[in-house]
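Residue numbers (our numbering), protein chains in the order written: chain A, 12 to 422; chain D, 12 to 422; chain U, 12 to 422; chain E, 12 to 422.
To be clear, the hints were calculated from the coordinates, so they are not data collected in a lab.
Any given hint could be a false lead.
What the hints assert, rightly or not - Calculated lysine to any residue pairs in the SDA-like style (CA-CA distance at most 25 Å, straight line):
| id | chain 1 | residue 1 | chain 2 | residue 2 |
| --- | --- | --- | --- | --- |
| 1 | U | Lys175 | E | Asn409 |
| 2 | D | Lys175 | D | Gly136 |
| 3 | A | Lys218 | A | Ile184 |
| 4 | A | Lys175 | E | Lys218 |
| 5 | E | Lys175 | E | Phe154 |
| 6 | D | Lys175 | U | Asp189 |
| 7 | U | Lys175 | D | Lys218 |
| 8 | D | Lys175 | A | Asn409 |
| 9 | A | Lys218 | A | Val237 |
| 10 | E | Lys175 | E | Ser233 |
| 11 | A | Lys175 | E | Glu165 |
| 12 | D | Lys218 | A | Glu289 |
| 13 | U | Lys218 | E | Asn409 |
| 14 | E | Lys218 | E | Thr230 |
| 15 | U | Lys175 | U | Asp101 |
| 16 | U | Lys175 | D | Ala168 |
Stated by the list, open to error - For the chain D half of the interface with chain E, some residues (derived, Cβ under 8 Å), not all of them:
| id | residue |
| --- | --- |
| 17 | Val49 |
| 18 | His254 |
| 19 | Ile257 |
Said to hold, decoys possible - Have a look at the derived ranges for each label pair, beta carbon to beta carbon:
| id | chain 1 | residue 1 | chain 2 | residue 2 | range |
| --- | --- | --- | --- | --- | --- |
| 20 | U | Glu277 | A | Asp344 | 19 to 27 Å |
| 21 | A | Ala274 | E | Asp155 | 18 to 26 Å |
| 22 | U | Ala231 | D | Glu108 | 32 to 40 Å |
| 23 | A | Glu343 | E | Ala168 | 31 to 39 Å |
| 24 | E | Ala58 | U | Glu47 | 47 to 55 Å |
| 25 | D | Arg238 | A | Ala274 | 22 to 30 Å |
| 26 | U | Ala172 | E | Thr341 | 45 to 53 Å |
Glycine residues also receive a C-beta, built at the ideal position from the N, C-alpha and C atoms.
4 protein chains.
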Amino acid sequence: MATLTLPDAPTGPAAPPDVHHGVPHDHDVSRDYGPECVRARRDWVEARTGAALHHVGAYSFDPAATHGNIENFTGVAQVPIGFAGPLLIDGEHAQGEFVVPLATTEGTLVASYGRGMKVLTLAGGVRTTVSADAMQRAPVFGFDSAREARAFREWVADHFAGIKLAAESTSRIARLIDIDVFLASRFAFARFSFETGDAAGQNMVGKATLAACEWILSTAGSALGVRRFFLESNLATDKKPSHVNILRARGKHVTAEATIPGALLETHLRTTPRRLCEHWGIANVGAWLAGVTYNGLHAPNAITAMFIACGQDVANVAEAGTASLYVEVTPEDALYISLTIPSLIVATHGGGTGLATQRECLESMGCFGDGKARRLAEIVAAVALAGEVSLGAAISANEWVSAHERYGRKR
Amino acid sequence: MATLTLPDAPTGPAAPPDVHHGVPHDHDVSRDYGPECVRARRDWVEARTGAALHHVGAYSFDPAATHGNIENFTGVAQVPIGFAGPLLIDGEHAQGEFVVPLATTEGTLVASYGRGMKVLTLAGGVRTTVSADAMQRAPVFGFDSAREARAFREWVADHFAGIKLAAESTSRIARLIDIDVFLASRFAFARFSFETGDAAGQNMVGKATLAACEWILSTAGSALGVRRFFLESNLATDKKPSHVNILRARGKHVTAEATIPGALLETHLRTTPRRLCEHWGIANVGAWLAGVTYNGLHAPNAITAMFIACGQDVANVAEAGTASLYVEVTPEDALYISLTIPSLIVATHGGGTGLATQRECLESMGCFGDGKARRLAEIVAAVALAGEVSLGAAISANEWVSAHERYGRKR
Amino acid sequence: MATLTLPDAPTGPAAPPDVHHGVPHDHDVSRDYGPECVRARRDWVEARTGAALHHVGAYSFDPAATHGNIENFTGVAQVPIGFAGPLLIDGEHAQGEFVVPLATTEGTLVASYGRGMKVLTLAGGVRTTVSADAMQRAPVFGFDSAREARAFREWVADHFAGIKLAAESTSRIARLIDIDVFLASRFAFARFSFETGDAAGQNMVGKATLAACEWILSTAGSALGVRRFFLESNLATDKKPSHVNILRARGKHVTAEATIPGALLETHLRTTPRRLCEHWGIANVGAWLAGVTYNGLHAPNAITAMFIACGQDVANVAEAGTASLYVEVTPEDALYISLTIPSLIVATHGGGTGLATQRECLESMGCFGDGKARRLAEIVAAVALAGEVSLGAAISANEWVSAHERYGRKR
Amino acid sequence: MATLTLPDAPTGPAAPPDVHHGVPHDHDVSRDYGPECVRARRDWVEARTGAALHHVGAYSFDPAATHGNIENFTGVAQVPIGFAGPLLIDGEHAQGEFVVPLATTEGTLVASYGRGMKVLTLAGGVRTTVSADAMQRAPVFGFDSAREARAFREWVADHFAGIKLAAESTSRIARLIDIDVFLASRFAFARFSFETGDAAGQNMVGKATLAACEWILSTAGSALGVRRFFLESNLATDKKPSHVNILRARGKHVTAEATIPGALLETHLRTTPRRLCEHWGIANVGAWLAGVTYNGLHAPNAITAMFIACGQDVANVAEAGTASLYVEVTPEDALYISLTIPSLIVATHGGGTGLATQRECLESMGCFGDGKARRLAEIVAAVALAGEVSLGAAISANEWVSAHERYGRKR
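Okay, chain A solo, but in the shape it has when bound (with noise of 0.2 Å):
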């Protein structure tokens, strides 16, 4: 640890060596996650600072558990936990009531999710939907012009079966069920869409995706003429809201819905299904004024608070800011009210999910480990709705700011 004693230089500790792609290292200091590195590290920092690291370096757990979570372990961050509940929800994956914790430091935020959820529940629930399941990675090939661009795309679908056997030899888990090659310039982008079990598997679709390509260079990459290749192109896409994601599932495409009789909403929120139907299609002007691709309320509020609870990869609230709210009076003037997200990346698996209080988050809800990931999707959508339910009805009674005076506010 002699560079320790080199706070200002650049390759200190907490200044992460060079990542060697491939290059063995005898000892990778980034990944020291024993108890006199970890210390050395806030020590180091410190005094670099000035600024004290006690509440960072207070943990219940052994950093060893973060090995392949995070690089120059130095602590963690206390993000407070409230939980809510209990929402009823009938998905095909998560039935019954459930109570859920939601890591938040925004006032208000759980009580507000808090009643909605106990208005959902009075109404009979939530209906849960996944509609669709696939993780992606997007390469790029370049060719001489557009018609061996176009040739390659008739390629590839020509050779699936090749295609998809290189790809899952890199995993037990991914399985290759799509490519789509989009053609624009002399370029071809391929988006490949994996099933990746209960992981988020971005990483085991890169993995895949890469090998997939190289079989198809080594292949037919001379015959087909590929001039350039990148294993990535901005269409995956990774940590970014897009149309094409509309289209087409990123994670879980997921519904939630309910129908609330008129009076509970009068009784619990102070509106109508009509006065909600009416600030709905005024929004709808709004979002295309706005040039928003979502046009409900504050669904990543929901996702973000259990993604953080539940070792999620919180950088997916990017993707997961494509929704669309869906509100109508029925014949019976009851308020149907749906929320859609069309790419709600979720795990249950690998990432952060086993970590100590990430793991009893999950565990709380019943969504730890195999085959829990489409419940998690279920329970996160139907959470989020009753967000849409609360703050819709609060604004259209005209009563928001209130409710943030009373439970956003410090003593």
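Using the hints provided, position chains D, U and E relative to the given structure of chain A.
What follows is chains D, U and E alone, placed relative to chain A:
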């Protein structure tokens, strides 16, 4: 705590009480942060779900500190933090070398940002510029026809002083800088923009805008023919990526830019300026195909990891998912690279910034408290740029997957 | 006309001479409108292609009138015109009943618009409102870094008067009303907005903006550190649908609205207000899926047919392809319906407005010459609304295809 | 023609009779193309409006030929045509040099396209590639919940053969190639894609899709729980720019590309490959700011001018307003430039293609009749590319305004 004995009832303690706006409660159980109540909530969740909340219950601070940040406080998520850096920044608010806390569970992330930071630092650092700073609320006013809506827009322009007075009466900090009225159908959508000091300001501007609208409505509501009013219209655009944010800042509009000599790129990242530009050009076509509002690679990774560590409103990653990456080869054959994030919402005061680990992380960058928000924005943007350099290089050098194989894998 | 004898050469008369900007030609053959030259062009095309240009050569006006409208004049396209109406309009510039010329080759179009007009007229007419009126050019200035670009924005705001003087020195008509500077990377994109009277104004504002930029560059270009300059940057946004046009008018921002009693809808269109609203709500979801910037049905049909008839710049249909349709059922169970087109570019002066048939069509609506552009915008929007009513009713009544079977079929 | 005596009545002859779908009329006055009726319409319009329709009444063909193209035939718009070219094209359907008819009233347009064509021809011509060809109709089916919508998607996939049979029974030409079902809320949006030979096919596919849906509904509508049905849902996306068209062709997906030696650019257009690329890169940032779905310059100019000349459905310019321009400097320091238009709707059969001047224009390019639609698509794309070269060069050489001064000005 009698309701604890009714664990199945939707009104149990984990179910927050209905939010009675403005109606005082004798005892709001959702905001009881005492040890018995917190323990009772954990017990209740454990009994109900069969999951242990052993680690969730481990925290190093007094839960009462979370008043105003969360309801139904039950424990914490412990999210691993790795520090990366140093990164040399030449900002107007951030000057010098910084090591930055990244809270994440995604292996490789800290290492990848670290290697980008190293190259940027060796290249002379990152120049950062905050070009705009504002927070919005966007009420909508309905009229009999488009003509009254147009007259309303004129009235608002003519009465800006009075509106501003009403809005600012609600806060010592919020300053109304602009009301941009957009017209569609018979509605006037009014986008109120405020300066909010070092707070993110969403609640502050909600309250101020409500006061402003109440003044408008009481002063001239019937003379102007206002028929309908909602405090929010989807144009704000809270927790949503939007085009209006690209044109008009939400939070900080910040640019990070650097020039990297070709030799540095080749030595440390095994790629060249020309190769990175080539990928950028093709990835712009990919972005067009995908329909993304961000043509870069993964800025939300940096933003999310820093937001979790630093007590930010993490769901604002949804807004930060719009950004522009620009690269070019300079006449000296170096790489010029810049990242512009037009809607980066950060706070160094209020919200979760004062919580235990969050404050420590902010302090490690000299970003806690008043007068520091733009400094934090500059650092976040500079870190995000480091990620674009590192991943852009990995993709253009076709080394991306191997890095993940090395760092993103559990033992 | 010696080149006529070289039909295979790329410099033949049908191939316009190279555009020598600013360099006077002794004789620019592309702008010879004399009968011999026009005939020679036809002969050359006929000889070269084997096609007859019998009908193309039939026109009723002196080709010299097309000077400034076309080069290499060879004849005309004869596009069928059908009149539809009367349509009762309650505008600020258009008042009363109008019959409108529609130039199209799409069967059913005139009939469908006619039936919409009939119902709207019986319902009391269409109210129209022009809310904004502007034409843009958007140059871009490049700097060493984002910081100089930001300073440039301030300089422009501080020197608006001088810039305006320079811009307006180029035209008796153009009035600079606003310069909106948007920043990204190290560039300042300056969107110059002008009033252009009754001309569409694209060329006028190009010339004025160039003069303004030359003044900026000569006054302070080197002091401000301008390193690069292009007169257009894609932000104008000429001949392109764009989001900036939704927020900021290009051409006329116009709304047409009407309230149609339920009984009228049922009698004449066999549908109901509720049914049309139901379709609108679902079609908003469809619009989200499709990724369109126009949630209505077919406004470009009306716009195109009127533009061809009236000598407009028909390619501006690209800009007019963004619009917002809004419907609701009123408390009286009538249908309120409105169409807002934020970027409708029309002219009643200059361009093709003075040509033979084009002028007659404009005159048939009292729209030729000075002071009539907003009147034309109101009429176009009202007609477009008629098409939304007619097609919306046909779809909601499931009668759409049968109408096309009847009207859209050759004998 | 008694109604002629009632010029103020909304049921006069210029007001088309209500469209009685499926109900036979004894005499449909809107489709009387006889000379007396046509004259009576002109007289009526003239009497009513005070405008002369002298030139509108001048045409060189028998109005009866417009049966199926227009109702209330009253005369024609005479739109000036200039030919430009020759342009050397190396397509799969278009081979050799073409001169092309451009119908426009915008001065400079023909000259500017001509100079682009000249340079492209000297550079060895334009390579064109049609990569997809389809026309759509997109009905929507409503259900009780998202789950039935999902089951519907599966049913449709399982019954493609039956659906295809039903669809194709309506036409000798239409071939159903794909049904892409997208889910949102409790709706299934089914995008039916057809091959339509050399017709644009909008009506053909409407009829075929209706038959297919009737078969679906009668076969399994109640078993599948279909509760609602509309033949169109905004997903088609007729007369609208859309993202789904970028991913999935509407009409022809066509790319035009060329490589232009640097010396040619400098000699003829006073710019360089590097300078054009520089502008392209910056204009991509401008496109991001503007929120356009087309990063090029003015392709709709070429498309509109050719569409008017050639009897196309000109309103389809709305769809063609999405395109991708890509440029790069080759290792030989030449300019590679390509334009991809994913939704170019052209016809060489049906619609307005057989009208007098329209047919002549098509014939001048060998594009009239069966088997020619892809040839026309290739030519249109090649011409559009010429416009990108010419205007891109003018902007990058800062010569743009002076060209308009020369050509765009009345004497």
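Inset, instruction - Go through the numbered hints given earlier and state which of them the structure violates, listing their numbers in rising order. - result: 2, 4, 7, 15, 17, 24
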